[in-house]
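Residue numbers for the sequence shown follow full-length UniProt numbering, so the first one is 1 and each next one is one higher.
There's no promise every hint is true.
Using 25 Å as the maximum straight-line C-alpha spacing, the simulated DSS-like pairs for lysine-lysine come out as follows [said to hold, decoys possible]:
(1) Lys211 - Lys262
(2) Lys379 - Lys331
(3) Lys265 - Lys296
Quick caveat, the hints were computed from the structure, so don't treat them as lab data.
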Amino acid sequence: MAGALLFGVLVPVAFRWGTDIDGWLLPEQISTIVATASAITLGLIGLRQLARLPGVEESIYCVPALLVSFLLALAALLMLRLEYNRYLFPISFALTIVWVFVAHALNRRYRTVRLAIVPGGEVDTLGAIREVEWLPLDTPTLPRGRLNGLIVDLRQDLEPHWERFIADCALAGIRIFHVKQIRESLTGRLEITHLSENTLGSLNPDALYLKVKQGLDWIFALVALIVLSPALLLVGLVIRLESPGPAIFRQTRIGFRGRPFKVLKFRTMHHDGRPGDTLASAVTTDTDPRITRLGKFLRRTRIDELPQLFNVLKGEMSWIGPRPETAPLSKFYDKQLSFYGYRNIVRPGISGWAQVNQGHVTGADQTLEKLHYDFYYIKNFSPWLDLLIAFRTVAIVVSGFGSK
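Using the sequences and the hints given, assemble the complete structure.
Here you go:
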């Protein structure tokens, strides 16, 4: 943070004005210094919050995070009608990006995470996760060198010498992690094998953010519909011209607190006049012959989901949340998978944590993995996780990841 403020704020100002104190004290220069310093601080705090989430490489998200913070600072300057230096503001942004990239490269080279593992239980499953240097222990002795923590399966019955070892490590200031906790933080999936008071408490989403998010969803959906309305009308017209049938496809989905609602999508399949609420019609395969030529493009780019902005306005959906499942599939999975219905404790979303990590799923095994992603989202329900999903959604729209 200190390096970014020095390199991104003071260096460009010093290069422009040098020892000219009068130049430093110009009103437009003071506004620029305050705005850029605020943008850097906000951007790096946001980046640190994002970095706590699984699978986030800070160097990848530093540009979008800082771009958002600098745009917010610029918007504040324009709204307050404050003069600012139009040359130093973008220069500060560019120099900050350079500094953050260099700092993260050095940090990544010299700060590899090292975690020691107490044997027993489910710790053997951690070896497949490559982001960490794992140090399995044979005896209750700490390995040499820097150590970031100790991993233990706390559900197993430990021998007395291991229990004393863990207690000594905790007293020495070494962080102790349960194997399930560390696996969750590294994979972004929350597995639930049984419910308890602690489980239910950790899965209750933040009620305040739930209300705030609903208001922001409504505002952004209204603005998006106003801006995109000509494009939406054009897409609907092209769909009608390509194949007979309505432009909008309506299907019953299970939403917030288990309530059914009609989700809206652009039609991407040939219209056969049959209801789309059966179990067979709810499943889409990789080479589904029902999908039209235009439909493939709409699905790959997720344009077919845009009519769901009306569902957001009606309070049935959110921009981000677990994807709403069809009524027959929801009923089927509820019988097959424990706690499946708990995913409806938050509003379903146009995009979600499972979609940006896993993509489209069909089988029960994949749906169980999707459920673990949904539970992770509910437990870590926050604006930072929503922001990360928004960034990744833009990337998958470009790449077409996970579409069917």
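For each hint, the structure was consulted:
1. Lys211 - Lys262: 22 Å, holds
2. Lys379 - Lys331: 23 Å, holds
3. Lys265 - Lys296: 14 Å, holds
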